[in-house]
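Student: One-letter residues, chain by chain:
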Amino acid sequence: MAADSTGAAALAGAFEAEPALGRPRGLWSDAWRRLRKNRLAMFGLAALVVIALVAFVGAHVEPFGRYAPNEQNYSAGARQAGPSSAHWFGTDQLGRDLFARVLEGVRISVEIGLGTQVIVLIIGLLVGGSAALGGRFFDNLLMRVTDITYAFPDLLAIILVRSVLVDRTWPVVTNPRVLIILAIALVSWTTVARLIRGQMLSLAERDFVLAARALGAPRWRIVFQHMLPNTLSPVIVAVTFGVPTAIFAEAALAFIGLGIPPPAASLGTLVSQGYAYIENNVWNVIFPAAAVALLMLCFTFVGDGLRDALDPRTR
Amino acid sequence: MNVRNRWILLLAAPMAVALTLAAACGGTSSTDKTATAAAGGAGTTPTSTQTGGLPADAAPASQQKITMQSTEPQFYDPHRSNFEQDIAVERMLFRGLYNLTDDGSGGVKVVPGDAAGPPTISGNVYTVKLKSGLKWSDGKALTAADYVYGFQRECDPTVASPYQYVLGAGLGDLKGCDELFNNKDATKTQALKDALGVKALDASTLEFTLNRPVATFETIWSLWATFPSRQDVIQKFGDKWTDPGNIVVNGPFTMSELVPKDHVTLKPNPEWSGQKPAIQQLTIKFIDDLSAALKSFQTGELQMTAIQPTDVKVVKGDPSLSSELVIDPTARITAIEMQLKDPALAKFDVRLALSRAIDRKTLVDVVFDGVYTPATYWVVKGLKGFQGNSAFDSTIGFDKAAAQAAMASAGYPNGQGFPTLKLTLTDTPSNRNLADFLIKQWKDNLGITVTPDFVDGKTRSQRFNSGNFQLFPGGWQLDYPDIENPLVGLFDTGGGNNKYNCSDPAIDAAFKEATNATTEAARIAAYQKVETLVVTKLCGVAPIYQNAVPYLVNAKVGGVVPNGTIDASGPGTYCVECWYVKK
Amino acid sequence: MDPMAAYALRRLLWAVPVLWAVATITFFLMHAVPGGPFTQDKALPPAVNDALNRRYHLDKPVWEQYGLYLWDSVHGDLGLSFQGDRSVTEIIRNTFFVTAQLGVLGFLVAVVIGMTLGTMSALNHNGPLDYVGVAFSTIGASVPSFIMGAFLVIFFAVDLGWFKTLGWGGPRHLTGLLDPFAWDWRRMVLPVVAISTLPTAFIARITRASVLEVLNQDYIRTARAKGLAEVRVVLRHTIKNAMIPVLTLMGPIFANLVAGSFIIETMFSIPGLGRELVNAVIRRDYAMIMGTTLFFTLIITLANLAVDLAYAVVDPRIRYR
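Chains as they are written, first to last, in my numbering: chain H, 1 to 315; chain X, 1 to 583; chain L, 1 to 321.
Hints are computed from structural coordinates only; laboratory data are not their basis.
Cβ coordinates follow ideal geometry from the N, Cα and C atoms, glycine included.
A hint or two may mislead.
[Claimed, not checked] 25 Å max Cα-Cα, derived DSS-like pairs, lysine-lysine:
#	chain 1	residue 1	chain 2	residue 2
1	X	Lys-276	X	Lys-131
2	X	Lys-188	L	Lys-42
3	X	Lys-529	L	Lys-42
4	X	Lys-384	L	Lys-42
5	L	Lys-60	X	Lys-184
6	X	Lys-512	L	Lys-42
7	L	Lys-42	X	Lys-341
8	X	Lys-422	L	Lys-60
[Stated by the list, open to error] Per the computed footprint, the stretches of chain H lying under chain X, defined by three or more beta-carbons under 8 Å from a beta-carbon of chain X, are:
#	segment
9	61-75
10	261-272
11	275-281
Next up, chain H with everything else stripped away, as it sits in the complex:
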């Protein structure tokens, strides 16, 4: 995820430095055509679809859903077992089927990844958009807020935000998954906000926007019909890379004891659990780590593909 997060920054930088050319017509169909030709991206997309099917639908179907994720079995030999035909990924300390746990982990991790990015997108659009469109004072104010958020060490922010939220009656955040999503999103929105602001500022000077303005189109219409769609392409790429990054961030939190509580376990939690038992049963770490890596790869491929498709300059 390191590569991708920084990759996203590179991307952000590239877009900020020289915004994508305005392509008001046929942007999406062109992009889709280019994306379809990208074999890696299509592979990533297909793999993601398969993973999602198995994790979300398959878990209710034999043989994928043979075991409940928290079904424990303490009998001799049932705990910390290696892969077998009964337990494809082996079992953990409490004799739980690791395959079922990993499927559940994928569901939770994807949920966290997507959820984080939804919030990032909302905050990014609000902050970036208002900064770009709200006049110089607003722009300055919001960008300073962005600077401060950016400069604040993430880990500390997450720990503090979580600890502050967790023991309060207000704001009411009782669902630990939502808590994690909020905490990660609150430190991750700056790049998207900057990206959107940069895009919008440069779009405002573009011919087609100037033309629309000259034609007397209302302001909201210019924003929504002309500017927003053109802003979205780099944002989509950034968000795609953001999903696995958020998954990794959650994994990291799990390691310092700030993950989601049991019995549910995200992939990150499973990896950190597995690491504690690495000497006992190495599969405990290998399968969840491989699942994280697979998600990472798929999102990277798709993200790369999207970037190439949406910005034909970089082939």
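Based on the hints, put chains X and L in the right spot on chain H.
Tutor: Chains X and L in isolation, oriented as in the chain H frame:
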């Protein structure tokens, strides 16, 4: 997508940290004679009376070097210390009037240290003679005045010793100590110091005046809080007096190097008049990640380390490591602590059902690979007055039918209508398993839902101390090895550590009986009565296991004698002068 | 004044209010978090707690503590860590010296190997070398560093015994940097490899992409058509131009390496600054939280500035505003 999100991953922490840090004064070692004796390198029993002369199988002095793992101590000043890792190192550097040592039967006994013998007691006045020839590491004679200064520091509020209360009311009851400690008026400080119940009658005689006769005098006077201090050194260097170069000690070792966050190196103290240490260089590496420590032990970089209970199975399966394993049961019981103010938990039958629904044997086997000991007792094994599982298993031990019956008689047949309770824990891999196990036990055996509430260590402690919890897997780590320690203040009405709101006239009466007991046997019997009442009434605690710490001790290291049932942070750290490297 | 210098100065001045804002937010959030430095399961008696609070001035109202902190920190005093009453400035200096070595070495490894790999991949576009390079950079970027570290330790230290796992082999003081005996490479290889894998993979990817892009530019094609030797083309035009995006990313990579090595420091018991931050938060070591936060904020701000300046140097189209 955010560059800086990557920080989170890079900053990610292996689990151990939170746990280690949370283990405030809680923690490690005590002793089980058999376990230690069975361990390869640790079995040789040295004669602690022997002074000078190495065991026959000792390697030459140039090879007498050991590197061991520990969590980093906070302080090296005995009057400021709160954590077992601090205390372990301080016992290498300093010694007090009395020492604690293994009694040979899994318990602890008190033996004279700097004191020439037991105190002479007359009413509330205890007189202690010092051994002759005691010296500080800079060669100056150690006198009774150094002890007086040590006690003055311990009771001085500006020093703010976290363990001052062991000399305060109800425990050590040293005259004037609480008054000095609670004083906020600087002008009165000197008068209060002078009024403190400790006097140097001459260079080698100390006289202590207590508020009442204290049965545990020698035990408490063996604790780090009672160690002597050098007034001239402390006044010269202030808070830096424990830095190498400044520090002056009276124990077997002295500090030769300290690299904060990394290691401390100890060398023998040439002026030490007790048994000459064989080890010429003892390096204590500060390592929090025990799985990393295990690997460093395997590569030979560490000769001693604590390991995770979950690695014991692997170690036992390894032909060379298995012979180097030492498992020390700790002076700590883990229990399901319960808030009696909670409407559901206020009912005895509910508590009984919760307790009897836990299969402790399976829990210990499954979650901790059998390293801990299932327990329904609260007073740890190794203490005088220990009653053991046999006394309580039949009343609060695992029995599914009895648990269900209790639940029904509480008004919740098959768990119907029972409120959802919260189980408050910190997030570590083994705590996750513990929570999953317990929740399933209660679900399967009682049909009730308990939800896990995972917070960080300080938040958890904060909730416990403010009584804001329902079910709380926690326990009590002994401060000193006496049966009163895990009871007084915890279960008496209004007790300082009674966060459960346990209030029971019978228990209070039994406490009174213990305070008024005139003989040691009567005192112990009264405390046993307290324990029996607390456990059978489940007055805030339902014990589940006694903790233990597994250590690896290199087969070449000899003389590692058990500490006994006390805080130790390391195997045999209380007799560091007994250690030696074998040929 | 040179517009760039003016820009840099303005950005540096802007760091002051950022630091102040971060300090303020951290201070009040930190005090809002449940539990304090002396909170523990076995609660300290109230008298002891009071004495400790008085000793560390925690008995004063939070806003007064905040004022005190600001006053002291402006005067260069970041306070004392509860962990042994050591000066926060001193802890940061000592631990950062170690972390910086780890970071710089990891950075060098990542840059050298990553750029070599990426360039080779691009020049061998769609050839076997390219596939090896791409495979490395995708897999390398997908494996969390602690998993990488754990397996490195098991294979190379425990099983093969080639390297050591305990502590950092570099010097502790500036004077040791030039002293060959202060370096113990057997303690340095594994942590450096573990920490540099991700950035190496990342730099390789970016380098490959940008070299490929440059190779497709018209002027390179022209140069090739003019019959210049391939090697000279590559050296003269490609590498130089392809380095633009790579260069600009080195700031954040460097900052991340230097500041974000917590997990590697913990795995190898390295006394670095990364783990101090996490430990400080867990322990509620207030002065240490503030000190490390401000220090990291400064590093991030400076790294950002460096990035933006580097960007401006290599790409003159950028305007400052």
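Student: Each of the hints needs a verdict: does it hold here or not?
Tutor: Here is how each hint holds up against the structure:
no.	hint	in the structure
1	X:Lys-276 x X:Lys-131	holds (17 Å)
2	X:Lys-188 x L:Lys-42	violated (31 Å)
3	X:Lys-529 x L:Lys-42	holds (23 Å)
4	X:Lys-384 x L:Lys-42	holds (23 Å)
5	L:Lys-60 x X:Lys-184	holds (15 Å)
6	X:Lys-512 x L:Lys-42	holds (23 Å)
7	L:Lys-42 x X:Lys-341	holds (20 Å)
8	X:Lys-422 x L:Lys-60	violated (35 Å)
9	61-75	holds (count 3)
10	261-272	holds (count 6)
11	275-281	holds (count 6)
The structure shown violates the earlier hints numbered 2, 8.
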